[in-house]
Amino acid sequence: MVRRADFLAANRGRRAPMPGFVLLVRERGDGDPAMRYGITVTKKVGGAVIRNRMKRRFRVLARELLPVHGVAGADHVLIGRDGGIERDFSLLHAELTKALGKIMTRPIDPPRDSRPRKGKPQAPRKPGQGPNREPGR
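Mind the numbering: the sequence shown is residues 590 to 726 in this note's numbering, read in order.
Hints listed in this document are in silico derivations from the structure and should not be mistaken for laboratory results.
Here the structure is a predicted model, which means the values were calculated and not measured.
Among the hints, a few may not be true.
[Said to hold, decoys possible] Label pairs and their computed distance ranges (CB to CB):
no.: 1; residue 1: Arg601; residue 2: Asp621; range: 25 to 31 Å
no.: 2; residue 1: Val657; residue 2: Lys632; range: 28 to 34 Å
no.: 3; residue 1: Met590; residue 2: Lys632; range: 26 to 32 Å
no.: 4; residue 1: Lys633; residue 2: Leu597; range: 17 to 23 Å
no.: 5; residue 1: Pro656; residue 2: Arg695; range: 18 to 24 Å
no.: 6; residue 1: His658; residue 2: Met590; range: 16 to 22 Å
no.: 7; residue 1: Lys632; residue 2: Met693; range: 30 to 36 Å
no.: 8; residue 1: Val591; residue 2: Leu680; range: 27 to 33 Å
no.: 9; residue 1: Ala637; residue 2: Gly662; range: 20 to 26 Å
no.: 10; residue 1: Gly672; residue 2: Ala594; range: 25 to 31 Å
no.: 11; residue 1: Ala637; residue 2: Arg695; range: 18 to 24 Å
no.: 12; residue 1: Arg593; residue 2: Arg648; range: 17 to 23 Å
no.: 13; residue 1: His658; residue 2: Lys632; range: 16 to 22 Å
[Unchecked claim] No more than 25 Å apart at the CA atoms, straight line, and that leaves these computed lysine-lysine pairs for DSS-like:
no.: 14; residue 1: Lys644; residue 2: Lys632
no.: 15; residue 1: Lys633; residue 2: Lys644
no.: 16; residue 1: Lys644; residue 2: Lys691
no.: 17; residue 1: Lys632; residue 2: Lys691
Even glycine gets a Cβ: it sits at the ideal position worked out from N, Cα and C.
Turn these sequences into a full structure, and let the hints steer you where they fit.
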């Protein structure tokens with residue numbers, strides 16, 4: 590998965606929080622039995638080296654476990670949590686197996702709203718200003 594819209598759609602699906610990550614699963618309903626997965630690790634977790642290491646671990650877990658335990662025709666998203674990089678790989682493996690086993694018995698959670706941005710609110714723009722202005726002005 591690479592499109593932002595796919596990740597936002599997965600946020601409206603089922604959620605299984607674990608200590609090292611959060612698993613989101615949403616059935617696409619398009620009749621395609623293929624499983625897709627996406628990985629998100631924010632800067633809150635750490636710098637680029639930490640985030641990339643965590644994504645590599647998640648990729649290995651997804652390739653290993655989704656064909657066996659994943660939901661056919663669904664999008665799976667792994668969201669890295671702070672402290673997840675310190676967790677032992679075998680523990681992450683066990684947690685993902687457990688999450689995939691329980692995910693379809695959970696109810697669909699209401700989507701999480703994004704948090705309000707910090708800082709002062711932006712003033713409304715006047716016509717002709719900003720990135721959407723007409724050319725030649």
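Structure-based check of each hint:
1. Arg601 to Asp621: 25 to 31 Å: violated (18 Å)
2. Val657 to Lys632: 28 to 34 Å: holds (32 Å)
3. Met590 to Lys632: 26 to 32 Å: violated (20 Å)
4. Lys633 to Leu597: 17 to 23 Å: Given a distance of about 19 Å, which is inside 17 to 23 Å, the answer is holds.
5. Pro656 to Arg695: 18 to 24 Å: At 21 Å between Cβs, range holds.
6. His658 to Met590: 16 to 22 Å: holds (18 Å)
7. Lys632 to Met693: 30 to 36 Å: At roughly 32 Å between Cβ atoms, Met693 and Lys632 fall inside 30 to 36 Å, so the hint holds.
8. Val591 to Leu680: 27 to 33 Å: The hint (27 to 33 Å, Cβ to Cβ) holds, given that Val591 and Leu680 are roughly 29 Å apart.
9. Ala637 to Gly662: 20 to 26 Å: For Gly662 against Ala637, whose Cβ atoms are near 34 Å apart, the range 20 to 26 Å is violated.
10. Gly672 to Ala594: 25 to 31 Å: holds (29 Å)
11. Ala637 to Arg695: 18 to 24 Å: violated (33 Å)
12. Arg593 to Arg648: 17 to 23 Å: For Arg593 and Arg648 the Cβ distance comes to about 19 Å; the hint holds.
13. His658 to Lys632: 16 to 22 Å: Given range 16 to 22 Å: violated, Cβ gap about 30 Å.
14. Lys644 to Lys632: holds (12 Å)
15. Lys633 to Lys644: Holds, at about 14 Å.
16. Lys644 to Lys691: Holds - the C-alpha atoms of Lys691 and Lys644 are around 23 Å apart, at most 25 Å.
17. Lys632 to Lys691: Measuring from Cα to Cα gives roughly 29 Å; hence the hint is violated.
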